[in-house]
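Asker: One letter stands for each residue in the lines below.
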Amino acid sequence: MQSTAEQIEQDLLRPLFHSSWKYWVAVALAASLLLAGVAAFGYQLYQGIGVWGLNSPVFWAFDITNFVFWIGISHAGTLISAILRLTNATWRRPVTRCAEAITVFSVLIGAIIPLCHLGRPWLAFWMIPYPSERHIWPNFRSPLAWDFFAISTYLTGSTTFLFLPTIPDFAAVRDAATGFRKKVYRILALGWQGTPRQWMRLETAMHIMAVVIVPVAVSVHTIVSWDFAMTLVPMWHSSIFGPYFVAGAIFSGIAALILAMALLRKFLHLEEYLRPIHFENLGKLLLTMSLLWFYFTFAERLTAWYGNSPPEMAVFWESIRKQFAPLFWTMVVCNFIIPVPLLAIKRLRTITGTAIASATVVVGMWLERFLIVVPALEHKFLPYSWGTYRPTWVEDTLMASSFGMMALLYLLFSKFVPMISIWEMKVGLQTHRGVPVVAPADGHVALEGPQ
Amino acid sequence: MNALYGLYPDAEGAQRAVDALRAASSELKFNAQQIVIVSGEPHEGYDFTDSQATSAPYRWAVLGAAVGGTTGYLLTTISQKSYPIHTGGMSITPAWTNGIIIYEMIMLGAILTTLVVLLIGARLPNFKPVITDPEVGKGKILVGVVDPPESSQPELERRLRLAGASQVKQSAGTL
Amino acid sequence: MAHKWGLVVDLDRCTGCEACVVACHAENNIPTAGEDQAARGRAKHWIRVERYWEGDFPNPKIRFQPVLCQQCDEAPCEPVCPTYASYHTPEGLNSQVYNRCIGTRFCANACPYNVRFFNYYNPQWDMPLHLQLNPDVSVRTVGIMEKCTFCVQRIKAAEIQAEAEKRDLKDGEFTTACAQSCASKALVFGDLNDPNSEVARLSDSNRGTKLLGELGTKPNVTYLERGTWEDAKHG
Numbered sequence: 000m001q002s003t004a005e006q007i008e009q010d011l012l013r014p015l016f017h018s019s020w021k022y023w024v025a026v027a028l029a030a031s032l033l034l035a036g037v038a039a040f041g042y043q044l045y046q047g048i049g050v051w052g053l054n055s056p057v058f059w060a061f062d063i064t065n066f067v068f069w070i071g072i073s074h075a076g077t078l079i080s081a082i083l084r085l086t087n088a089t090w091r092r093p094v095t096r097c098a099e100a101i102t103v104f105s106v107l108i109g110a111i112i113p114l115c116h117l118g119r120p121w122l123a124f125w126m127i128p129y130p131s132e133r134h135i136w137p138n139f140r141s142p143l144a145w146d147f148f149a150i151s152t153y154l155t156g157s158t159t160f161l162f163l164p165t166i167p168d169f170a171a172v173r174d175a176a177t178g179f180r181k182k183v184y185r186i187l188a189l190g191w192q193g194t195p196r197q198w199m200r201l202e203t204a205m206h207i208m209a210v211v212i213v214p215v216a217v218s219v220h221t222i223v224s225w226d227f228a229m230t231l232v233p234m235w236h237s238s239i240f241g242p243y244f245v246a247g248a249i250f251s252g253i254a255a256l257i258l259a260m261a262l263l264r265k266f267l268h269l270e271e272y273l274r275p276i277h278f279e280n281l282g283k284l285l286l287t288m289s290l291l292w293f294y295f296t297f298a299e300r301l302t303a304w305y306g307n308s309p310p311e312m313a314v315f316w317e318s319i320r321k322q323f324a325p326l327f328w329t330m331v332v333c334n335f336i337i338p339v340p341l342l343a344i345k346r347l348r349t350i351t352g353t354a355i356a357s358a359t360v361v362v363g364m365w366l367e368r369f370l371i372v373v374p375a376l377e378h379k380f381l382p383y384s385w386g387t388y389r390p391t392w393v394e395d396t397l398m399a400s401s402f403g404m405m406a407l408l409y410l411l412f413s414k415f416v417p418m419i420s421i422w423e424m425k426v427g428l429q430t431h432r433g434v435p436v437v438a439p440a441d442g443h444v445a446l447e448g449p450q
Numbered sequence: 000m001n002a003l004y005g006l007y008p009d010a011e012g013a014q015r016a017v018d019a020l021r022a023a024s025s026e027l028k029f030n031a032q033q034i035v036i037v038s039g040e041p042h043e044g045y046d047f048t049d050s051q052a053t054s055a056p057y058r059w060a061v062l063g064a065a066v067g068g069t070t071g072y073l074l075t076t077i078s079q080k081s082y083p084i085h086t087g088g089m090s091i092t093p094a095w096t097n098g099i100i101i102y103e104m105i106m107l108g109a110i111l112t113t114l115v116v117l118l119i120g121a122r123l124p125n126f127k128p129v130i131t132d133p134e135v136g137k138g139k140i141l142v143g144v145v146d147p148p149e150s151s152q153p154e155l156e157r158r159l160r161l162a163g164a165s166q167v168k169q170s171a172g173t174l
Numbered sequence: 000m001a002h003k004w005g006l007v008v009d010l011d012r013c014t015g016c017e018a019c020v021v022a023c024h025a026e027n028n029i030p031t032a033g034e035d036q037a038a039r040g041r042a043k044h045w046i047r048v049e050r051y052w053e054g055d056f057p058n059p060k061i062r063f064q065p066v067l068c069q070q071c072d073e074a075p076c077e078p079v080c081p082t083y084a085s086y087h088t089p090e091g092l093n094s095q096v097y098n099r100c101i102g103t104r105f106c107a108n109a110c111p112y113n114v115r116f117f118n119y120y121n122p123q124w125d126m127p128l129h130l131q132l133n134p135d136v137s138v139r140t141v142g143i144m145e146k147c148t149f150c151v152q153r154i155k156a157a158e159i160q161a162e163a164e165k166r167d168l169k170d171g172e173f174t175t176a177c178a179q180s181c182a183s184k185a186l187v188f189g190d191l192n193d194p195n196s197e198v199a200r201l202s203d204s205n206r207g208t209k210l211l212g213e214l215g216t217k218p219n220v221t222y223l224e225r226g227t228w229e230d231a232k233h234g
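In the order they appear, the protein sequences are chains G, R and V.
Be aware that the first sequence starts at 0, since it is given in numbering that gives the first Met the number 0, and climbs by one per residue.
Be aware that the second sequence starts at 0, since it is given in numbering that gives the first Met the number 0, and climbs by one per residue.
Be aware that the third sequence starts at 0, since it is given in numbering that gives the first Met the number 0, and climbs by one per residue.
Think of the hints as simulated: they come from the structure by calculation, not from any bench.
Accuracy of the hints is not assured; some may be wrong.
What the hints assert, rightly or not - Derived DSS-like pairs (lysine-lysine); straight-line CA-CA distance at most 25 Å: (1) V/Lys60 with V/Lys184; (2) V/Lys155 with V/Lys3; (3) V/Lys184 with V/Lys155; (4) G/Lys414 with R/Lys168; (5) V/Lys165 with V/Lys60; (6) G/Lys182 with R/Lys137; (7) V/Lys3 with V/Lys184; (8) R/Lys80 with V/Lys3; (9) R/Lys137 with G/Lys181; (10) R/Lys80 with G/Lys182; (11) G/Lys181 with R/Lys168; (12) V/Lys169 with V/Lys184; (13) G/Lys181 with R/Lys127.
Using the sequences and the accompanying hints, generate a full structural model.
Answerer: Rendered as structure tokens:
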């Protein structure tokens with residue numbers, strides 16, 4: 000079917016104006032998960048953080064695991080959409096906004112989790128550098144202060160990166176809507192008209208943002224990894240953590256993106272826009288990241304094993320053979336053994352195949368974060384004070400509610416903002432004297448965009 | 000406000016229309032600034048779009064980055080020197096750790112500056128009525144003149160049609 | 000010259016009686032965790048006696064090792080605190096400032112000795128033990144990290160007294176609760192910068208080692224022991 004600009008606008012605006020009952024059920028489920036988390040947090044504030052499973056010496060467990068997990072997921076959007084913009088990969092067009100939305104919401108969740116894990120959360124504002132009457136500033140030598148700056152910068156950057164290209168789309172909604180909706184979108188569109196000057200400025204701004212956001216994203220997860228690597232804890236104090244975490248973040252981020260796209264495609268009827276080629280290309284990226292993850296994990300474990308330092312080996316064997324062995328090997332299966340065949344064999348690299356691989360990767364990457372945090376803390380230098388950890392229902396609820404919050408934000412976003420960038424899809428249709436303006440990704444001379 | 004404009008199916012037509020209008024501007028007694036062009040997506044490779052290209056946002060971004068970095072440097076150095084608190088045998092202003100804060104502030108400076116420069120450069124937010132047309136959303140490009148003199152309007156309409164307009168309309172601007 | 004507080008633990012004298020643990024609890028308002036919380040791994044002992052053993056009766060090799068905050072010169076717990084709640088005082092103590100602590104628990108993770116403890120709940124004392132609280136020491140509320148302070152309240156009291164009397168502090172004039180209660184005088188506390196103090200003399204002993212010294216934390220607690228475990232086996 001030959002698509003036109005009109006068709007694109009109609010298809011991509013439809014979810015904003017019409018929603019099925021299934022949508023509202025999903026929203027209700029997500030909202031109730033989130034509310035359960037809010038209630039659990041209230042309980043935690045009232046009783047004390049002892050309602051968690053933390054103890055001495057395991058002072059961080061689910062809280063930091065989830066924090067690193069969500070910040071990791073956030074690397075999907077901006078990296079994918081920024082790098083694909085910079086390399087002019089035209090197949091990215093339908094994917095960018097879904098990806099960028101994942102980034103913003105997961106960074107937001109990732110920023111909230113450390114606030115909730117504090118012993119005295121009501122004093123979290125002391126992380127903000129302001130001239131305080133207590134004559135004290137935050138300690139800039141602390142990796143947590145770096146986290147604060149990095150995550151704030153990343154949140155600002157990714158929100159900007161997400162919302163700048165939505166301005167013309169808000170204008171499209173404004174023009175198509177009536178009544179109250181029109182008034183709201185008129186404000187959101189900021190009075191966008193679409194003059195060449197505005198388009199040029201917007202594209203320039205997007206280009207600068209794409210260039211800037213990549214180093215920011217790399218720095219964010221590196222700094223998060225330094226929460227661990229800057230200590231002397233055995234198996235944490237490793238210089239590989241920076242690149243390892245960034246690679247792992249991109250890995251889990253792409254997986255989350257594929258899952259989100261598969262769900263959007265099905266439920267918003269975007270089959271014409273999110274096509275098998277997109278899942279194939281992302282699937283190839285996911286395969287690359289799986290191999291890279293394996294390389295990093297192998298390198299890290301090999302150096303520990305070969306060095307044979309007793310404190311490190313205590314932690315090493317806990318993961319490989321002893322208490323955490325079931326989780327460790329599940330992680331390897333989820334991150335490598337299942338995804339690689341599904342993604343490497345062309346016949347299996349379908350939408351369903353990549354979605355299954357992505358689901359296992361998301362689970363595997365959560366396990367990876369957990370296995371980095373807990374075994375090392377359980378087994379530090381003095382064996383007398385080794386300990387164990389088990390989560391409580393409060394931590395389980397908070398974790399589930401983080402997923403609920405993500406789902407809720409994403410669902411609401413899909414209702415109020417076109418999930419696929421309308422104007423960028425229209426650019427994909429452009430021709431110059433009958434020849435496509437943008438080089439198609441697969442090299443065939445055909446009209447870009449939906450066919 | 001009152002505008003007379005034509006709707007063109009593609010960028011070639013729009014370029015012809017813009018050229019025609021520029022050529023006719025003195026004859027029909029309007030300024031080049033009164034020419035309005037509106038599209039639903041950017042079109043590169045044509046004079047009417049490429050003439051808007053500017054490297055100013057890049058230079059502003061670099062400046063913003065420099066300001067951010069300086070702020071980061073001053074924040075870390077001054078605050079740590081004012082209230083020197085010893086930790087872990089490190090110096091009071093370690094270059095490594097301050098460097099991380101400075102790096103993030105550089106990036107934040109570039110991001111915020113880019114955002115502000117975009118809003119200013121694109122004249123957003125704008126709450127005055129704008130000339131637009133529902134056909135623009137369907138892929139047409141609007142090219143016209145804002146507040147043309149009454150006497151010039153019939154000739155203007157003829158020129159717009161000659162350049163290939165599928166429709167020629169008048170509008171008082173919409174919000 | 001400024002004071003530099005240090006402690007010496009003579010492992011050849013330590014009997015493992017844990018009087019130091021009890022005294023520390025009493026002096027520093029440390030609540031007992033209770034059976035349930037202790038089972039969950041939340042027992043708090045600012046000084047604890049670690050027991051390691053090999054072999055069985057009648058010839059086990061046993062080691063008692065009192066472990067407390069080492070007040071490291073290059074403490075790994077200090078740079079990581081985002082609010083400067085853990086910092087190094089000019090007198091060589093690693094100080095935990097309770098009212099700055101927001102409970103990130105990073106310092107406890109960074110400490111290689113596991114000598115930092117977190118208040119997971121508000122402390123409770125069964126009556127009438129609440130009457131036993133030391134008025135010189137703050138009671139820490141939920142969400143705050145705590146650890147051995149070398150009985151800083153006693154240090155401060157002695158320093159204030161000495162200054163009021165316009166004299167220097169004398170070695171042995173005061174000591175920490177743990178050292179005070181040690182029956183076998185295994186714990187000796189004092190000013191390392193005072194060349195005549197007992198702790199300075201003992202710290203220089205060739206029996207002296209530092210716990211986890213290879214990590215480079217530069218602890219101010221010196222452990223004295225005659226030999227290795229092998230030697231202990233042969234008496």
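Asker: Work down the list of hints and note, for each, if the structure agrees.
Answerer: Structure-based check of each hint:
Taking the CA atoms of V/Lys60 and V/Lys184, the gap is about 22 Å. The hint holds against a cut of 25 Å. Using a Cα cut-off of 25 Å, the hinted pair V/Lys155 and V/Lys3 holds, with the two alpha carbons roughly 13 Å apart. Simply put, V/Lys184 and V/Lys155 have alpha-carbon atoms about 23 Å apart, close enough for the 25 Å limit, and the pair holds. About 34 Å separates the Cα atoms of G/Lys414 and R/Lys168, which puts this hinted pair outside 25 Å; it is violated.
Distance restraint check for V/Lys165 and V/Lys60: the Cα-Cα separation of roughly 51 Å exceeds the 25 Å cut-off, and the hinted pair is therefore not satisfied. Restraint check for G/Lys182 and R/Lys137: the C-alpha separation of about 21 Å stays at or below 25 Å, so the hint holds. Of the pairs offered as hints, the one joining V/Lys3 and V/Lys184 holds, with about 21 Å between alpha carbons and a cut-off of 25 Å not exceeded. Using a Cα cut-off of 25 Å, the hinted pair R/Lys80 and V/Lys3 holds, with the two alpha carbons roughly 24 Å apart.
For the given pair, R/Lys137 sits about 18 Å from G/Lys181 by alpha-carbon distance, which is consistent with the 25 Å threshold. Under the criterion of a C-alpha separation no larger than 25 Å, the hint pairing R/Lys80 with G/Lys182 is inconsistent with the structure, at around 52 Å. A hinted pair counts as satisfied when its Cα atoms are at most 25 Å apart, and G/Lys181 with R/Lys168 qualifies at roughly 23 Å. Among the hinted pairs, V/Lys169 with V/Lys184 is consistent with the structure: their alpha-carbon atoms are about 19 Å apart, no more than 25 Å.
A threshold of 25 Å between alpha carbons decides the hint, and for G/Lys181 with R/Lys127 the separation of about 16 Å falls inside it, so the pair holds.
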